[in-house]
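Visitor: Spelled out, the chains give:
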Amino acid sequence: GQQLNQSPQSMFIQEGEDVSMNCTSSSIFNTWLWYKQDPGEGPVLLIALYKAGELTSNGRLTAQFGITRKDSFLNISASIPSDVGIYFCAGSTTTSGTYKYIFGTGTRLKVLA
Amino acid sequence: NAGVTQTPKFRILKIGQSMTLQCTQDMNHNYMYWYRQDPGMGLKLIYYSVGAGITDKGEVPNGYNVSRSTTEDFPLRLELAAPSQTSVYFCASRRLSEIQYFGPGTRLLVL
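Top to bottom, those sequences are chains A and B. In case it helps, the numbering used here puts the first sequence at residues 1 to 113. In case it helps, the numbering used here puts the second sequence at residues 1 to 111.
Just chain B, with the same shape it has in the complex (with noise of 0.2 Å):
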């Protein structure tokens, strides 16, 4: 099992572009989470989803845009980025149990 991946693992955006954060994973988990984290602090909940075709808002939902066609796969879209998304991005998948299995991460730089 590859476990949670996430794609890319750095990019620059200008400001106003658009892009798809890709997280996958191949644990069969139905909850799945979309974090960032800023530099020096915790990880605050963006988006999650309890099922496929199923998703909710977190603590910093404004900006974000999520879907969950699959099991498997649970993308994040910015729209319009705007320098204040520079961050680390973070997905998190779990089954039944409380333990979630995070990802490497996404480095975002919107300049």
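Looking at chain A on its own, in the form it has when it is part of the complex (with noise of 0.2 Å):
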């Protein structure tokens, strides 16, 4: 089936610094999304992006959509100790008018103070 690479696969930061990661497919999609996952939740998502190409911001967090539709980063400026936990990137296809998600593995983020 499909998958998603997602890397680096976990990551220890200063505050302050900028972090990034991304997420590379084998398979197109027409949908990456970026989720954060805190201790003991469900996945809560951060942005949503549906071109080729596009350059979506949300607050301190820039993400892209590959030109290839295969790949997608994310980034954050300045990180805080709030920005721990588990950032996901999800690929969405659609079948037959059904929307389905494939999730990568997940980046673990620790920010040290």
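Hints were generated in silico from the structure; no laboratory data involved. None of these values were measured; they are calculated from a predicted model. You can take every hint at face value.
Quick partial rundown of chain B residues pointing at chain A, CB under 7 Å, derived from the structure:
| # | residue |
| --- | --- |
| 1 | L43 |
| 2 | F90 |
| 3 | F102 |
| 4 | P104 |
| 5 | G105 |
Not close to chain B: a few residues of chain A, all C-beta gaps over 10 Å, as computed:
| # | residue |
| --- | --- |
| 6 | G59 |
| 7 | G66 |
| 8 | K70 |
| 9 | N75 |
| 10 | S77 |
Just so you know, even glycine gets a beta-carbon here, dropped at the ideal spot from N, CA and C.
Combine both chains into one complex, guided by the hints.
Guide: Here's what the structure looks like:
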């Protein structure tokens, strides 16, 4: 089946640093989504990307939909302690009018104050 | 609105037991999903529904069953629990947009 490779798997950074993570696939997706999951909670949507090449920001977060439609990246600027969590990418495909989502394995972010 | 609610929050089952994980949403969403998340992994789709009375299999449906008799509820049934079903289960829903709203999860341990 389709798989999303997400990297890095985990990272420790100092507070105030910028963070970059990416997601690649062997398949084309119609939409890329980035979620954050806090411990003991369900994922929460951060950014949704709908067009190849699209660059979208949400506060300190910026994400881009790759031109080939097979990759996406997420940047976090000036990280703060509450950025700690697991970040998931997800790709969406449409089959017979029904959306299906494939999730990456996550990037675990730890911010050192 | 409460959003997506899931019960129970945590459950321990013995091998061979059965249980139903409940999921309810009050946002009048047509689409509902069940995922499982194994330790250190992403989410795998178990089953999904595009509306009341319509369900379909996802990536990992074996060992599970679902029903969708109302728009609000999408229960997930485990008939014969196995240790391989130890996981965290998330329910999600969405309307026409692609934004899925997730519940808080049910942590299941099968011993």
